[in-house]
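Chemist: The whole structure should be built from the sequences, with the hints applied where relevant.
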Amino acid sequence: MRLPERGLEYPRYTNMKVTEKDVANVADLANLELTADERGVLLRDLNSILEYIDRLNQLDTTHVPPMSEGHAKAAGYTSAGREDILEGLRKSLPHAVALQNAPDSDGTFFKVPKVIER
Amino acid sequence: MDLNALTIDGARSAVQAREITATSLAEAFYSKIEKDDPQIGAYLTLSKERALAQAARMDSLAAKGEPLPPLGGVPVGIKDVMVTHGVRTTAGSKILGNYIPPYDCTAVTRMEDAGAVLLGKLNCDEFAMGSSNENSAWHPVHNPRDLSRVPGGSSGGSAAAVAANMAVATLGSDTGGSIRQPASFCGVVGLMPTYGRVSRYGLIAFASSLDRIGPLTNTVKDGATVLRTIAGRDPMDSTSADVPVPDYVAELEKPVRGLRLGVAREYFGEGLDPEVRKSVEAAIQKLAKLGCEIIPVSLPHTEYAIPTYYIVATAEASSNLARFDGVRYGYRAGDARTLSEMYRRSRDQGFGAEVKRRIMLGTYALSAGYYEAYYLKAQKVRTLLVRDFDEAFKKVDAIVTPTSPTAAFRLGEKVDDPLSMYLADIFTVTADLAGIPGISVPCGNTKENLPVGLQILGKHFDEAMILRVAHAYEQAS
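Going line by line, the protein sequences match chains A and B.
Each residue of the first sequence is one higher than the one before, counting from 1 in this note's numbering.
Each residue of the second sequence is one higher than the one before, counting from 1001 in this note's numbering.
Bear in mind the hints are in silico, worked out from the structure with no lab data behind them.
Keep in mind the model is a prediction, meaning the values are calculated, not measured.
Heads up, a few of these hints could be off.
Simulated crosslink set (EDC-like; lysine to aspartate or glutamate; CA at most 16 Å straight-line) [what the hints assert, rightly or not]: (1) A:K114 x B:E1341; (2) A:K114 x B:E1413; (3) A:K17 x A:D54.
Which residues of chain A face chain B? A few of them, derived with a C-beta cut under 7 Å, are [as the list claims (entries may be wrong)]: (4) A24; (5) V26; (6) N31; (7) E33; (8) L42; (9) R55; (10) M67; (11) N101.
Per label pair, the in silico range of CB-to-CB distance [claimed, not checked]: (12) A:D84 x B:A1322: 39 to 47 Å; (13) B:E1251 x A:P113: 55 to 63 Å; (14) A:L29 x B:G1334: 40 to 48 Å; (15) A:A36 x B:R1328: 24 to 32 Å; (16) A:R90 x B:E1391: 40 to 48 Å; (17) A:T35 x B:E1253: 52 to 60 Å; (18) B:L1052 x A:P113: 37 to 45 Å; (19) A:F110 x B:R1260: 54 to 62 Å; (20) B:G1269 x A:V97: 49 to 57 Å.
Every residue, glycine too, gets a C-beta built ideally from N, C-alpha and C.
Modeler: See below:
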């Protein structure tokens, strides 16, 4: 796994959006552990990218609706639902097939390490 | 007959007429791959058994004198983000290094039902995140036109395989330009259909409101043939549209005289390489000579497309990639004592740097207190981008632009600078965000003999129009 050894010479920010604490919180939310080196690189990259993204605030979007399912509306069709079918469109995978890619299983269940907290 | 240089129709008719067998054709492609791919790196996994079984079926149809289906005996490759039953599918990631899918992607099923011979799975940026193919966890892809350069990304293997005649046609996926930009860098045709045109069942999800599957081919007609094969409603994908699929191949022959083509100045500003500009302007002149009317249009929100994209795409990716946790499939870290440790270490060790960067950015954008400032804001700006196109398409039938601001850059040139890499997609992301179709068709070369791509954008579900314009240009050049 390669991380850039050296990043851009980013300007020093007067008010950094993302702090070291934010990086730790977000890593927690994203189920990532990250090394100290990775955290450092991400702190710099996230600030740089978010600063660039800030240009969206030049636009007044107070009265603009968000695009959601917007493709469908734009194109004049609606992504249709379907009839409820007893077994679904396709039968569920047989047990053995569903478990064939499992890192660990007992033949009936997926096995995981002990759940202590969380 | 140069077996490796055949078009779809050429290959199919040769097998139909029994001038060659589908089996010997597949073997010719495997020999070519064995000889040339060590230098290029387009393939990750070969599916020889499956290919030869399909080739034998086509040969037996031909032997009986029965008509072959439209892709009968045609050797194809599939980007490794589309799952293939029994054939390793990694999405270019270590986290799926040993993943053997238990089912097929609909687009793959439709290709094989139409007679295509599936040679193998093609290299790509990890989870399709990248513009140079350098984010593949396995190995980079080298541009067949100049091995020191990138093939573009994320469908770099799909573009390189077609350019190097290691497949007649391939499937790629496009989220921010991942079909069109590599097509442009490698000198082939790449088509991104309208959002909803092609089922995504079995496509490993990156950003669900953007992801699309489409073909990369050596000719526009081949692209039309593949699209006709894979397009159309699929009950397994509720976002696939129930919109009639025209005969794209028949539509190619309609005249282009009198068509109105828009040229947006926002695509010809600062940052556009002068040689790329020259080639694209010459192509527009050629289209004018063919009788098209060239009309200036404005797409004023273009400059906001990249920041919008990097919010929408990363936010959706952070959610889609939460499924990779080492429980049901994929990589599991061996040293974890608790479930929580197992999740974290499996993801830490399984994902590459760019994937983690995007998961972090997307998670941040969706985290408490930031949703309105980022994701909601980006979705509103997206509406403005759609309105830009709606306005323009009141005046024109299609819009012509450069596909990429530069020709292929050197391997390693941008790997340390994520933002500069993101800007490689500046002319392609707009169509992804707006849901409209786009095609890249080769339009000349730079002085260093690197290909340049002409991008043609169309209205929703009007792939027939952009294919027609691309075909007319290709035939005239």
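Chemist: Give a verdict on every hint.
Modeler: So, going through the hints one by one against the coordinates:
1. A:K114 x B:E1341: The hint holds at about 10 Å.
2. A:K114 x B:E1413: violated, 45 Å
3. A:K17 x A:D54: Given pair A:K17, A:D54 holds - Cα atoms ~10 Å apart, limit 16 Å.
4. A24: violated, 11 Å
5. V26: At about 5 Å, which falls below the 7 Å cut-off, the nearest Cβ of chain B leaves the hint on A:V26 intact, so it holds.
6. N31: holds, 5 Å
7. E33: holds, 4 Å
8. L42: Holds: closest Cβ of chain B sits about 6 Å from A:L42, inside 7 Å.
9. R55: Holds. Min distance 6 Å.
10. M67: holds, 4 Å
11. N101: holds, 4 Å
12. A:D84 x B:A1322: 39 to 47 Å: violated, 27 Å
13. B:E1251 x A:P113: 55 to 63 Å: holds, 57 Å
14. A:L29 x B:G1334: 40 to 48 Å: With a Cβ separation near 25 Å, A:L29 and B:G1334 fall outside 40 to 48 Å, so the hint is violated.
15. A:A36 x B:R1328: 24 to 32 Å: At 31 Å between Cβs, range holds.
16. A:R90 x B:E1391: 40 to 48 Å: Since A:R90 and B:E1391 have Cβ atoms about 43 Å apart, the given range 40 to 48 Å holds.
17. A:T35 x B:E1253: 52 to 60 Å: holds, 59 Å
18. B:L1052 x A:P113: 37 to 45 Å: holds, 43 Å
19. A:F110 x B:R1260: 54 to 62 Å: holds, 58 Å
20. B:G1269 x A:V97: 49 to 57 Å: holds, 54 Å
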